[in-house]
Amino acid sequence: MLIDPVTLIVALITISTPVLLAATGELVVEKSGVLNLGVEGMMIMGAVCGFIAANETGSPTLAFLAGMAGGAALSVIFGVLTQFLMSNQVASGLALTLFGIGLAALLGVNYPGQPVPEVAKPFPEAMRQIEVIGPIAFSHDLVTYMAIALVGTVWYLLRATRAGLILRAVGESHDAAHALGYKVVRIRFMAILFGGACAGLGGAFLSVVYVENWVQGMTAGAGWIALALVVFASWKPWRVLFGAWLFGGIAALQLRLQVAEIGVPVALLDASPYLVTIVVLVVMSSDRARSALNAPAALGKTFHAGT
Amino acid sequence: MATTGPMIATRFGRETFKPTKPETLQRGHSMKTVTRLLAGAALATGLAAGGAMAQDDPFQVGFIYVGPIGDYGWTWTHDQGRLAVEEAFGDSVETVFAEEVPEGPDAERRITQMILNGADMIFTTSFGYGEATNAVAAQFPDVYFEHATGYLREHENVSTYSARFYQGRAVIGHIAGHMTESNIVGYIASYPIPEVIRGINSAFLHAREVNPDVEFRVVWAYTWFDPAVEGDAAQALIDAGADVIMQHTDSTTPQSVAQDAGNVYTFGQASDMIQFAPAPRISSIIDNWGPYYVRRVAEAMEGTWEQSDTWEGMSEGMVLVGEMTDAIPEDVRASATALMESMQAGEYHPFTGPINRQDGTAWLADGEIADDGTLAGMNFYVEGITGDIPN
Numbered sequence: 001m002l003i004d005p006v007t008l009i010v011a012l013i014t015i016s017t018p019v020l021l022a023a024t025g026e027l028v029v030e031k032s033g034v035l036n037l038g039v040e041g042m043m044i045m046g047a048v049c050g051f052i053a054a055n056e057t058g059s060p061t062l063a064f065l066a067g068m069a070g071g072a073a074l075s076v077i078f079g080v081l082t083q084f085l086m087s088n089q090v091a092s093g094l095a096l097t098l099f100g101i102g103l104a105a106l107l108g109v110n111y112p113g114q115p116v117p118e119v120a121k122p123f124p125e126a127m128r129q130i131e132v133i134g135p136i137a138f139s140h141d142l143v144t145y146m147a148i149a150l151v152g153t154v155w156y157l158l159r160a161t162r163a164g165l166i167l168r169a170v171g172e173s174h175d176a177a178h179a180l181g182y183k184v185v186r187i188r189f190m191a192i193l194f195g196g197a198c199a200g201l202g203g204a205f206l207s208v209v210y211v212e213n214w215v216q217g218m219t220a221g222a223g224w225i226a227l228a229l230v231v232f233a234s235w236k237p238w239r240v241l242f243g244a245w246l247f248g249g250i251a252a253l254q255l256r257l258q259v260a261e262i263g264v265p266v267a268l269l270d271a272s273p274y275l276v277t278i279v280v281l282v283v284m285s286s287d288r289a290r291s292a293l294n295a296p297a298a299l300g301k302t303f304h305a306g307t
Numbered sequence: 001m002a003t004t005g006p007m008i009a010t011r012f013g014r015e016t017f018k019p020t021k022p023e024t025l026q027r028g029h030s031m032k033t034v035t036r037l038l039a040g041a042a043l044a045t046g047l048a049a050g051g052a053m054a055q056d057d058p059f060q061v062g063f064i065y066v067g068p069i070g071d072y073g074w075t076w077t078h079d080q081g082r083l084a085v086e087e088a089f090g091d092s093v094e095t096v097f098a099e100e101v102p103e104g105p106d107a108e109r110r111i112t113q114m115i116l117n118g119a120d121m122i123f124t125t126s127f128g129y130g131e132a133t134n135a136v137a138a139q140f141p142d143v144y145f146e147h148a149t150g151y152l153r154e155h156e157n158v159s160t161y162s163a164r165f166y167q168g169r170a171v172i173g174h175i176a177g178h179m180t181e182s183n184i185v186g187y188i189a190s191y192p193i194p195e196v197i198r199g200i201n202s203a204f205l206h207a208r209e210v211n212p213d214v215e216f217r218v219v220w221a222y223t224w225f226d227p228a229v230e231g232d233a234a235q236a237l238i239d240a241g242a243d244v245i246m247q248h249t250d251s252t253t254p255q256s257v258a259q260d261a262g263n264v265y266t267f268g269q270a271s272d273m274i275q276f277a278p279a280p281r282i283s284s285i286i287d288n289w290g291p292y293y294v295r296r297v298a299e300a301m302e303g304t305w306e307q308s309d310t311w312e313g314m315s316e317g318m319v320l321v322g323e324m325t326d327a328i329p330e331d332v333r334a335s336a337t338a339l340m341e342s343m344q345a346g347e348y349h350p351f352t353g354p355i356n357r358q359d360g361t362a363w364l365a366d367g368e369i370a371d372d373g374t375l376a377g378m379n380f381y382v383e384g385i386t387g388d389i390p391n
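Sequences listed follow chains A and B, in order.
1 is the number of the first residue of the first sequence in my numbering; add one for each residue after it.
1 is the number of the first residue of the second sequence in my numbering; add one for each residue after it.
To be clear, the hints were calculated from the coordinates, so they are not data collected in a lab.
We put the beta carbon where it would ideally sit given N, CA and C, even for glycine.
There could be a bad hint or two in this list.
[What the hints assert, rightly or not] Far from chain A by the CB rule (all over 12 angstroms, computed), these chain B residues:
1) GLU131
2) GLN139
3) PHE225
4) ASN391
[Said to hold, decoys possible] These stretches of chain A come out as covered by chain B in the derived footprint (C-beta under 8 angstroms, 3 or more residues):
5) 54-60
6) 261-273
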């Protein structure tokens, strides 16, 4: 039995959506020079807030807004800790993940198995029925299209606008940006909020659209994959999209290879996204000049205006 | 119980068994010495339970869960068992639980922590806790351990228990064989361990029995609980033409994926998953742990607890089949019910020969019934299943 490439592509685009959103948000955060390891926590907060809103209001729009708000609210804690109280970013991010998972479990305690509204697809049924193109291009949820559009927007903003230039300047050298009069802390704080909202939307997509249920720990490491993806993509937006589809494609493909009873070692395929990330890291670090070009120079460094 | 025994234990218990927080660390140590003394006098660990009984504070029972109690599947059913214990004993028993404990070294730490906080009895409710359970049991001979679906009983104070889920799988396999129109049944498996392989074999045999053209497609998800991966697996099976999906993983995502796909039937796993009835969920296998938990806790409190390897099924009520919905034709419901009742009455065994192994060699002769030893270690597919079991 052969694998149908059309359903494979449809599946990988759907599978990769939450991770793509979270990774794009994290890319902006890291471009501003902040390393937020709390993606997993923000995603799961988005998942629970989105699910609660969907269940209570019956409105998918409000659900996605609530998901974004949930992720962003959690990122405020990280922002205050790292930008105003100058805490260590790695430790704060890890703590944020632990806190987010626990808080989400607490908030969602009465919600597993509750009904959520069906989310309407943006394109009409007739378009989805078109051979090959229909399922691949028109069968997805609005959030999936938004995620792809977001990648393009972020790419354009970072590359071609003044705001993007300022954000990158802050991420490359906060002292220089500060000397030029840019509000480093304020810019970074906004980037952190943006990252939180993106991760939250990814989580809400997972709970409201994909799984249609709230269960504790449902993000199951997607936030960590998003973090790996940013490094894999060497902080380039389109490569984040490529990486998300590659990782999603491997996940979708390995299941289909099993169904087709093709003898491929499952464990190896499962591990392959991580192996690829390690390989990319090795390649990147082998060339100092190149890695210096890609990684924001001030990534993870604490900024203090007085020094 | 010998009259001298409890008195000795009680005396020790009074002196050394004060579970105030700073001394809890010592408790395990001193009881170990006590037990060693008692063991020297050829008295079993049951006496230490007498010591535990002598306390005024409640008997504490701890549960280690692999998933969240809100999974509406495996862990949820174990937690229903915990609630049954609370209900049965009221104030004399206190229960504690830890959710989402990873299978592996961390489980050892979590179990130990629970005991240091005062647990007298521990239920570890997933296959992968076997080594951790036995390692901790060696350190705390006065604590009772019950390990679900396991086989390791390296110490006197470790029992194992499981349910004959394969009986339930025979019933849903029978239904699946009737219901599939594409003749492809999808099966989301967790890990390639005997319990899961047994389930696949049982479901397949009973599907083939009523539908000679049926084929099974098995996906190994390598997880007990990961809503997204389980959903992906269900989608992959549906894309490959499966119109009936069975799962040996714990979340409800395969049900909602099937619901979205339409014309795909599913079965509740571990719990009823009735929220997806009448379709896609057309029936379910329900694990019913409560009676066993209540019985074992009572035995531990009375000091009559003994090491055992329990494997109960439909006739004891540990495995139930959930309501068959109207989506199933009436005659199929009737034949499935008859199959279920024959197992409840103990008249029928799902693994009754003639059955060949996948490679065509004979396993069971005509009328021969599989022995529990072979079933417990089952690592082969039966004839007719096309895939390979991963290593």
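Hints, verified against the model:
no., hint, in the structure
1, GLU131, "holds, 20 angstroms"
2, GLN139, "holds, 28 angstroms"
3, PHE225, "violated, 8 angstroms"
4, ASN391, "violated, 8 angstroms"
5, 54-60, "violated (count 0)"
6, 261-273, "holds (count 6)"
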